[in-house]
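Using the sequences provided together with the hints, build the complete structure.
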Amino acid sequence: MSVVQRPELSLWKRLFLVELLQGMAVTFRHWWRKPTTEQYPKERPKILPRFRGIPKLQDHPDVEGILCIACNQCSIICPDDCITVLGEPRTVGKGKQAKVFILDYERCCLCGLCEEVCPTTPVPAIFMSHEYELARYKRVDLMNDMKELYEPQPTKEYLK
Amino acid sequence: MKEQLIQYLAVPMLQIAAIIGVMLLCVMYLVLWERKLIAFMQVRMGPMRVGYHGLLQPIADVVKLLLKEDVVPKAADRWVHLISPIILMIPALACFAVIPFTGTSFEVGAFTIPLVNYDVPALTVTSWVADLNIGLLYFLAISSLGVYGLVLAGWSSNSKYSMLGSLRSAAQMISYEVPLGLSIVAILMLSGTASLVGIVEAQQEAGHWWLFWAPLGVPLLWPQFIGLFLYFVAAVAETNRAPFDLPEAETELVAGFHTEYSGMKFAFMFLAEYLNMILAALIVSVLFLGGWLPVTFGIPGLSELFGNFLPFLGGAGAAITGFFWLALKVFLVLTVYLWLRATFPRYRYDQLMSLGWKWLIPMGLAHVMVTALFMLLRG
Amino acid sequence: MTEVSLPLFLVFAAVGVFGAVMMVTRTQPVHSALYLVLTLFSVAAIYVLLHAEFLAVVQILVYAGGIMVLFLFVIFLVRPPVPGEARWHGGRHVLLSAGLAVILACALGWHFLESAPAAAGNPSALLEGGNMEQVSMTLFRYYILPFETVSILLLVSMIGAIALARKGEGV
Numbered sequence: 002m003s004v005v006q007r008p009e010l011s012l013w014k015r016l017f018l019v020e021l022l023q024g025m026a027v028t029f030r031h032w033w034r035k036p037t038t039e040q041y042p043k044e045r046p047k048i049l050p051r052f053r054g055i056p057k058l059q060d061h062p063d064v065e066g067i068l069c070i071a072c073n074q075c076s077i078i079c080p081d082d083c084i085t086v087l088g089e090p091r092t093v094g095k096g097k098q099a100k101v102f103i104l105d106y107e108r109c110c111l112c113g114l115c116e117e118v119c120p121t122t123p124v125p126a127i128f129m130s131h132e133y134e135l136a137r138y139k140r141v142d143l144m145n146d147m148k149e150l151y152e153p154q155p156t157k158e159y160l161k
Numbered sequence: 345m346k347e348q349l350i351q352y353l354a355v356p357m358l359q360i361a362a363i364i365g366v367m368l369l370c371v372m373y374l375v376l377w378e379r380k381l382i383a384f385m386q387v388r389m390g391p392m393r394v395g396y397h398g399l400l401q402p403i404a405d406v407v408k409l410l411l412k413e414d415v416v417p418k419a420a421d422r423w424v425h426l427i428s429p430i431i432l433m434i435p436a437l438a439c440f441a442v443i444p445f446t447g448t449s450f451e452v453g454a455f456t457i458p459l460v461n462y463d464v465p466a467l468t469v470t471s472w473v474a475d476l477n478i479g480l481l482y483f484l485a486i487s488s489l490g491v492y493g494l495v496l497a498g499w500s501s502n503s504k505y506s507m508l509g510s511l512r513s514a515a516q517m518i519s520y521e522v523p524l525g526l527s528i529v530a531i532l533m534l535s536g537t538a539s540l541v542g543i544v545e546a547q548q549e550a551g552h553w554w555l556f557w558a559p560l561g562v563p564l565l566w567p568q569f570i571g572l573f574l575y576f577v578a579a580v581a582e583t584n585r586a587p588f589d590l591p592e593a594e595t596e597l598v599a600g601f602h603t604e605y606s607g608m609k610f611a612f613m614f615l616a617e618y619l620n621m622i623l624a625a626l627i628v629s630v631l632f633l634g635g636w637l638p639v640t641f642g643i644p645g646l647s648e649l650f651g652n653f654l655p656f657l658g659g660a661g662a663a664i665t666g667f668f669w670l671a672l673k674v675f676l677v678l679t680v681y682l683w684l685r686a687t688f689p690r691y692r693y694d695q696l697m698s699l700g701w702k703w704l705i706p707m708g709l710a711h712v713m714v715t716a717l718f719m720l721l722r723g
Numbered sequence: 291m292t293e294v295s296l297p298l299f300l301v302f303a304a305v306g307v308f309g310a311v312m313m314v315t316r317t318q319p320v321h322s323a324l325y326l327v328l329t330l331f332s333v334a335a336i337y338v339l340l341h342a343e344f345l346a347v348v349q350i351l352v353y354a355g356g357i358m359v360l361f362l363f364v365i366f367l368v369r370p371p372v373p374g375e376a377r378w379h380g381g382r383h384v385l386l387s388a389g390l391a392v393i394l395a396c397a398l399g400w401h402f403l404e405s406a407p408a409a410a411g412n413p414s415a416l417l418e419g420g421n422m423e424q425v426s427m428t429l430f431r432y433y434i435l436p437f438e439t440v441s442i443l444l445l446v447s448m449i450g451a452i453a454l455a456r457k458g459e460g461v
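Residue numbers (the working numbering), protein chains in the order written: chain S, 2 to 161; chain Y, 345 to 723; chain G, 291 to 461.
One thing to keep in mind: the hints can contain errors.
For lysine-lysine, the following BS3-like pairs were computed, each having C-alpha atoms within a straight-line distance of at most 27 angstroms [what the hints assert, rightly or not]:
no.	chain 1	residue 1	chain 2	residue 2
1	Y	K408	S	K43
2	Y	K412	Y	K504
3	S	K35	S	K47
4	S	K43	S	K157
5	S	K148	S	K95
6	S	K97	S	K148
7	G	K457	Y	K702
8	S	K14	Y	K702
9	S	K47	S	K157
From the derived model, a few chain Y residues whose C-beta atoms are all more than 12 angstroms from chain S [what the hints assert, rightly or not]:
no.	residue
10	Y352
11	Y373
12	L381
13	M385
14	A404
15	F455
16	D475
17	L476
18	K504
19	A558
20	V598
21	F675
22	V714
In silico negatives: residues of chain Y with every beta carbon more than 12 angstroms from chain S [what the hints assert, rightly or not]:
no.	residue
23	V416
24	L467
25	L511
26	M697
Just so you know, these hints were derived from the structure itself, not from any lab. Even glycine gets a Cβ: it sits at the ideal position worked out from N, Cα and C.
So this is what it looks like as structure tokens:
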């Protein structure tokens, strides 16, 4: 523990409350600054490229069919155990593809490990999207199957 | 008899109704202005969603408070719990009776109320409900009763936080009433009357606000600045506002004396606090800043220019102009009030007491002495 | 008294007596204090009816606004309020206090009946300036010495209270 010794104020400073007036000058200057508030639903924050929103699935034009190969690595590494993948033989070519892919947003902690371990090329099949509005009216709506994971979430425009 | 009945009963009733209505509206928008101003000083925006830039926010707040459930703690003293917001509210409203809002009175010609065919004789309506010749003392006496509301609210809630808040408020308000009274004594001596109307008229006669009373004609020697400072600090403490908001100290006592209040009762306490703020600002304006006199009063050539904005309305125009100047002064004083809240952290209890007793009271006594000395020297 | 002030007087007198009776009969000290405030208030109102505005305001300012708050403060601090703890003390006390009250009322009544016309004074002089000027003239011109003596007495008691409170602190 350290004891802070404040400097003794001079009589002049104490008599005319100089430090109090200085404090008031600070607040007065701030009064005229531009507010930093972001009017959220009306104005949306600028999202940086590496922002980790909720995980989504994607395909790639270079790969025919579904990009996910149902290797189950994302499901294994997921710390919250929120991914369930079931595979089936690929419709085109060799190997497997995802038949069922369920992601429980209620449990997801947005860590991004699933994206990191995803072995597919040229892009990971599961990726961290830029969507962040996770509020739902029902808990069940947070369990997303493959169809929902492919679709981008519709954003509502607020005018006021 | 009929004239008397109208003059002494009906007109004051209407005045009281008008004052209460206007003041409640003022309180609503003072709350909004407080939230906005503090937001600006914290580089935020404040309420923005209800109405244009939150202008309808006060109405939403009132509706919310009206619809809220009224919760009374099981161990509370129900009756005292019920009456303490009322005890807080009544003195706050009663003090407005002696405030002169504008100087010129309105002439109301004789007219007949339609439907009931009641003939009203010609009347002169003043802007104050009562011009008591002890107006200032009346204000001091009535406003000192507000402390009961706080003390009883805290006690009747039967909660530790409330009790601590009410004990603090009792000690604080009694301590700060002394410097409050002392700061006013000099004004009483200068005006030679305790009537608030008389005080403004004395300033009009003297040709300057009491704030700029320069004894012996020495420029920039304005002893009433000390008086204004003392009164203002004491008034901030009396109204339990930051930085002296120890009775409600939300960071330590939850909400202090009104922790256990909700709904309309809480709204009453809230209203009383803001009414007291407006009242303190009104008294500052009347005593030190020349009440309804224009801000340019005392500057040769300019004081007449701004005395009446609406000359085509005659006396009514002068009255409206006076009201405008008073409102402007009150607004500025209230802004300083809020500015203090946005700037300073809360005083500790011992600091509060030592400030009150060791600094403000000796300063007040010295202030009275110095003013008396100057008045004697001038003869 | 004018025709308006008589019914007002009756109302305030009734409220004052009611407050006094309630104050004595409550078992909760805080309630008693509140009823005492009510009584002080009605007495102040009666002062106003008697054109003693200054006295009324001082009554509210000093007694209701200051002293009673300190009473409440002491009640809160000295003992945690336990409702129903105080008991009715039975016949003997009632008889004693009733007897004392009757004696007091008789004495006061006799005094007023004897000296009523002389005590009326000069109302027209009193009406000027809310009699603040009269009070201050009397107090600070004719009775300045007793006034200052009383102040010194109060100062002595304050110093005494501080000395008692800080005993053993080496002061």
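Results of checking the hints against the structure:
no., hint, in the structure
1, Y:K408 - S:K43, "holds, 24 angstroms"
2, Y:K412 - Y:K504, "holds, 24 angstroms"
3, S:K35 - S:K47, "holds, 18 angstroms"
4, S:K43 - S:K157, "holds, 10 angstroms"
5, S:K148 - S:K95, "holds, 23 angstroms"
6, S:K97 - S:K148, "holds, 18 angstroms"
7, G:K457 - Y:K702, "holds, 22 angstroms"
8, S:K14 - Y:K702, "holds, 18 angstroms"
9, S:K47 - S:K157, "holds, 16 angstroms"
10, Y352, "holds, 47 angstroms"
11, Y373, "holds, 19 angstroms"
12, L381, "violated, 7 angstroms"
13, M385, "violated, 5 angstroms"
14, A404, "holds, 15 angstroms"
15, F455, "holds, 46 angstroms"
16, D475, "holds, 36 angstroms"
17, L476, "holds, 35 angstroms"
18, K504, "holds, 30 angstroms"
19, A558, "holds, 19 angstroms"
20, V598, "holds, 26 angstroms"
21, F675, "holds, 15 angstroms"
22, V714, "holds, 15 angstroms"
23, V416, "holds, 35 angstroms"
24, L467, "holds, 45 angstroms"
25, L511, "holds, 28 angstroms"
26, M697, "holds, 19 angstroms"
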